[in-house]
Amino acid sequence: MLNLKIERQPAPVWLRTLIPVAAALATFVLTSVLLVLARADPLQAYYHFLISPLSSQVSALEVLVKSTPLMLTGAAAAFAFSTGYYNIGGEGQLYAGAVAGAWLGIVLKGVSPAIGIPLMILGGFIAGMLWALLPALLKVRLNVDEVVTTLLLNSVILFIVSFLLNGVWRDPVSQWPQSPEITMGTVFFKLVPRSRLHLGFIIALMVLAVMWFILNHSALGLRMRAVGQGKEAARFAGIDVNRTTLIAALVSGGIAGLAGVGEVAGIHFHLIDSISDGLGYSGVIVATLGGLNPVGVGLSALFIGLIQTGAQSVSRAMNVPVYLGQIVQATLLLVTLALLFLQNYRVSRRR
Amino acid sequence: MEMKGITKRFGSVIANNQIHFELRKGEVHALLGENGAGKTTLMRILYGLYHADEGQVWVDGRPVQIHSPRDAIQAGIGMVTQHFSVVPTLTVAENLALGREGSPVYQPAALENQVAQLSRHYGIPVQPGALVRHLSVGEQQRVEILKALSRDARVLILDEPTAVLVPQEVEVLFEALERLCQAGLSVVFISHKLHEVMAVCDRITVLRDGKVVGSVEKAVTTPTGLARMMVGRENFGVTRQGERAASQAVLQVERLSARNRKGLEALHEVTLEVQAGEILGIAGVSGNGQTELSQVLNGMLKPTGGRVLVGGKNVTGLPPAQLSAAGVGRIPEDRSSGVVAELTVAENLVLDQLDVFVSGGRLDRKRINANAQTLIREYQIKAAPEDRTRTLSGGNMQKVILARNLSRNPQVVIAAQPTRGLDVGATDYVRSKLLEQRARGSAVLLISEDLDEIMALADRIGVIYEGRLMGILPGKEATVENLGLMMSGHPLDQIASEREA
Chain A
1 MLNLKIERQP
11 APVWLRTLIP
21 VAAALATFVL
31 TSVLLVLARA
41 DPLQAYYHFL
51 ISPLSSQVSA
61 LEVLVKSTPL
71 MLTGAAAAFA
81 FSTGYYNIGG
91 EGQLYAGAVA
101 GAWLGIVLKG
111 VSPAIGIPLM
121 ILGGFIAGML
131 WALLPALLKV
141 RLNVDEVVTT
151 LLLNSVILFI
161 VSFLLNGVWR
171 DPVSQWPQSP
181 EITMGTVFFK
191 LVPRSRLHLG
201 FIIALMVLAV
211 MWFILNHSAL
221 GLRMRAVGQG
231 KEAARFAGID
241 VNRTTLIAAL
251 VSGGIAGLAG
261 VGEVAGIHFH
271 LIDSISDGLG
281 YSGVIVATLG
291 GLNPVGVGLS
301 ALFIGLIQTG
311 AQSVSRAMNV
321 PVYLGQIVQA
331 TLLLVTLALL
341 FLQNYRVSRR
351 R
Chain B
1 MEMKGITKRF
11 GSVIANNQIH
21 FELRKGEVHA
31 LLGENGAGKT
41 TLMRILYGLY
51 HADEGQVWVD
61 GRPVQIHSPR
71 DAIQAGIGMV
81 TQHFSVVPTL
91 TVAENLALGR
101 EGSPVYQPAA
111 LENQVAQLSR
121 HYGIPVQPGA
131 LVRHLSVGEQ
141 QRVEILKALS
151 RDARVLILDE
161 PTAVLVPQEV
171 EVLFEALERL
181 CQAGLSVVFI
191 SHKLHEVMAV
201 CDRITVLRDG
211 KVVGSVEKAV
221 TTPTGLARMM
231 VGRENFGVTR
241 QGERAASQAV
251 LQVERLSARN
261 RKGLEALHEV
271 TLEVQAGEIL
281 GIAGVSGNGQ
291 TELSQVLNGM
301 LKPTGGRVLV
311 GGKNVTGLPP
321 AQLSAAGVGR
331 IPEDRSSGVV
341 AELTVAENLV
351 LDQLDVFVSG
361 GRLDRKRINA
371 NAQTLIREYQ
381 IKAAPEDRTR
391 TLSGGNMQKV
401 ILARNLSRNP
411 QVVIAAQPTR
421 GLDVGATDYV
431 RSKLLEQRAR
441 GSAVLLISED
451 LDEIMALADR
461 IGVIYEGRLM
471 GILPGKEATV
481 ENLGLMMSGH
491 PLDQIASERE
501 A
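Sequence order for the protein chains is A and B.
When you line the first sequence up against the numbering used here, it's residues 1 to 351, in that order.
When you line the second sequence up against the numbering used here, it's residues 1 to 501, in that order.
Since the hints were derived computationally from the structure, they do not count as laboratory data.
Note that beta-carbon positions come from the ideal geometry of N, C-alpha and C, so glycine has one too.
One or more hints might be untrue.
[As the list claims (entries may be wrong)] Within a straight-line C-alpha distance of at most 30 Å, the following computed DSSO-like cross-link-like pairs (lysine-lysine) qualify:
id	chain 1	residue 1	chain 2	residue 2
1	B	K302	B	K262
2	B	K193	B	K302
3	B	K4	B	K218
4	B	K302	A	K231
5	A	K190	A	K109
6	B	K382	B	K211
7	B	K4	B	K25
8	B	K313	B	K25
9	B	K382	B	K193
10	B	K382	A	K231
11	B	K262	B	K25
12	A	K231	B	K4
13	B	K262	A	K231
14	A	K231	B	K313
15	B	K366	B	K382
[Stated by the list, open to error] With the C-beta cut set under 8 Å, the calculated list includes, among others, these residues of chain A facing chain B:
id	residue
16	P193
17	S195
18	R225
19	Q229
20	E232
21	R235
22	F236
Generate coordinates for the entire structure from the input sequences, incorporating the hints supplied.
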């Protein structure tokens, strides 16, 4: 038998900071097996994955476009997770925001951008909050596991969206199930002409900044962290655990709702049922990779945005399925989670 | 079976210190001691769940190496822990067969037959075909015992087996143990309940602070004698000075009842009052309602009946924040649930009054730090404000809790097991701080399992037994003998009348 023993002992700080790098390296080694199976040269593939998106202005901006909703869904997840509330419903809350955006885009016909855009932002936030309300209430009132409820509500809203798109909102001029185009006054303006980069990117950066302030410099943030790290001790110190959880859950839903509005008002200009395609779930990855802190969330959203853009360029250049991007993303999450778990242990030789 | 010179350290804490323990064939041997005395650690070493730093286990006169439960089972040792390891969706027979499936063909009838035989042989009643999830806790425990027996255990370790049982089930368990001993098995019975130990055990080894206090035959001891062996540590010289005159009651508890987590009644109509400038000690063997009493008074548990008044104001069932505001300083029984380990010392020191440290919508880090620096100096906390609280020793963690509560000059202080697990210096310090509160005119309720601590500090002493107050007597009238009697379930008035008679 191997004469090894495993002890619970946290890794030193320098090793912890290397985790994202180690995770990325391990992911590339693991996924290159698939690339070899697809008869592609892994090194060349990773050149297309990581470098070529950054080699032109157009594709570099596209990385930012892809990162925008990821920053928001990542911030949403991180905000809730910090409080120990595992909101996996970012996907559904994003759709709620998107539905609100599409609706406002129809009813606000002829509105000026100065009114339309703020209303869109507010509407998306509120819609996300409302979709997050039921699981949050079930959690604080009846202690129902939020992972299950938030996750299941994601499928529920997909059916609602499908119902809307095939029924009342069906755009008569399109053969696809999509809502009518939103009115001009509710469209998010472009940040760079002739690109897809829109106001949503600024909103995402602002959300991250506000989140940083709340978590690090407000009483609410300290309460949230206290509840997240030690629920009983927080309660003992007189913190209203239920209230804090409820606030975190609702704000989290609101932020995810903003991501949905951004996709409607900045990219598609109407609602389609594949408008998210997993952005909410990717937010969980972004939040975990980013260590639940706003700066980390921003960086990891950019990184995942890069991988998603890169996946398209690999696919074009090397004829590899575009799904490789999702595989890389998922592998990265698994590897990171494994490393986060393993960092608490040390293997040593038994004396 | 014999354990010689067992020592186990967890970091700087010595959980087992040079322990000798022997078990004879056919005896029930109790391992008695307070929480944290080292009972469970010792038995986990025997069962291979922990590894001893020093010492040797002998079975039948031969030294054995036990590195895992597998080794222990091989050596004929079985253990039933407080948390059962049965699969609820399988039947009793299937649970017993798990891991030792003889033939690849599943034959439920044969399995059940075997189990029924085993059950009859040892006189431990189970229903072989029943699903485990349909069984009561007591029945599940019997399944665990049978499981150990089916693996040819000759030594059976039971870790606080009665903690989860209702009285009727306890009786069934005790009868089963008796039959096992007649069949030649040896049982280690871990407990901190005196009457149970006296009811089933042949010999009793008492542990305190990781050391053996003594081993005695049941025939030559009494519950009172055992209680005396279990509780109390060396006295470190901090004692209350001077007598006090009667004053106004600040904390009044009237007919307070509460249930524990399992829904069983843990406090029954407890009535007491604590006056300004007084320490009222609540003594008792652990698990007699102390936890629930402190939880109710700390706002962590809603009482099922009765009232709590602070300065004449009804505060029954108020949440922690409002109790703090009403002038109650709260020192929890479990230190780690009093501070958030991942937050910094400075953050923990203001956690209960964040609103005071907010200016212009943001946390005033400067004032939070200044507050921390002052309290760290004043309470001699060995830490920097920005240190994560988890890096602190138990004593320093306790000082953080004391500082947070006592710096607000509370009218009432609820201190539950305030020195449990602390070293000499920290214990001394905590006791002196409680006396300081008494001198300041605060009403201090000191709930402690350490009898010496109570006798050194308390002006009056109450004893709690099975959730009921056995009586309260002045500190100067308290003796180890009469407290010991009360701790083993004799009400004070009964003791007094017997003495007269």
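Hint-by-hint comparison with the structure:
Our distance criterion of 30 Å between C-alpha atoms is met by K302(B) and K262(B), whose separation comes to about 14 Å. Restraint check for K193(B) and K302(B): satisfied, since their Cα atoms lie roughly 26 Å apart, inside the 30 Å limit. Taking the CA atoms of K4(B) and K218(B), the gap is about 22 Å. The hint holds against a cut of 30 Å. Our distance criterion of 30 Å between C-alpha atoms is met by K302(B) and K231(A), whose separation comes to about 17 Å.
Using a Cα cut-off of 30 Å, the hinted pair K190(A) and K109(A) holds, with the two alpha carbons roughly 20 Å apart. Annotation: proposed proximity of K382(B) to K211(B) holds, straight-line Cα distance about 28 Å (limit 30 Å). The suggested pairing of K4(B) with K25(B) holds, with an alpha-carbon distance near 17 Å, which does not exceed 30 Å. Restraint check for K313(B) and K25(B): the C-alpha separation of about 60 Å exceeds 30 Å, so the hint is violated.
For the given pair, K382(B) sits about 37 Å from K193(B) by alpha-carbon distance, which is inconsistent with the 30 Å threshold. Between K382(B) and K231(A) the alpha-carbon distance is near 25 Å, which keeps this suggested pair within the 30 Å criterion. Using a Cα cut-off of 30 Å, the hinted pair K262(B) and K25(B) is violated, with the two alpha carbons roughly 36 Å apart. Straight-line distance between C-alpha atoms of K231(A) and K4(B) comes to about 42 Å, which puts the hinted pair past the 30 Å bound.
A threshold of 30 Å between alpha carbons decides the hint, and for K262(B) with K231(A) the separation of about 20 Å falls inside it, so the pair holds. A hinted pair counts as satisfied when its Cα atoms are at most 30 Å apart, and K231(A) with K313(B) qualifies at roughly 29 Å. The suggested pairing of K366(B) with K382(B) holds, with an alpha-carbon distance near 20 Å, which does not exceed 30 Å. With a cut of 8 Å, the hint placing P193(A) at the interface with chain B is violated, because the nearest CB-to-CB distance is about 38 Å.
Using the Cβ-Cβ criterion of 8 Å, the hint placing S195(A) at the interface with chain B is not satisfied: the shortest such distance is roughly 36 Å. Below 8 Å, beta-carbon pairs count as interface contacts, and R225(A) has one with chain B at about 7 Å; its hint therefore holds. The beta carbon of Q229(A) comes within 4 Å of a beta carbon in chain B, closer than 8 Å, and the hint placing it at the interface holds. Interface restraint check for E232(A): the shortest CB-CB distance to chain B comes to about 4 Å, inside 8 Å, so the restraint holds.
With a cut of 8 Å, the hint placing R235(A) at the interface with chain B holds, because the nearest CB-to-CB distance is about 6 Å. Annotation: interface hint on F236(A) holds; nearest CB of chain B at approximately 6 Å, less than 8 Å.
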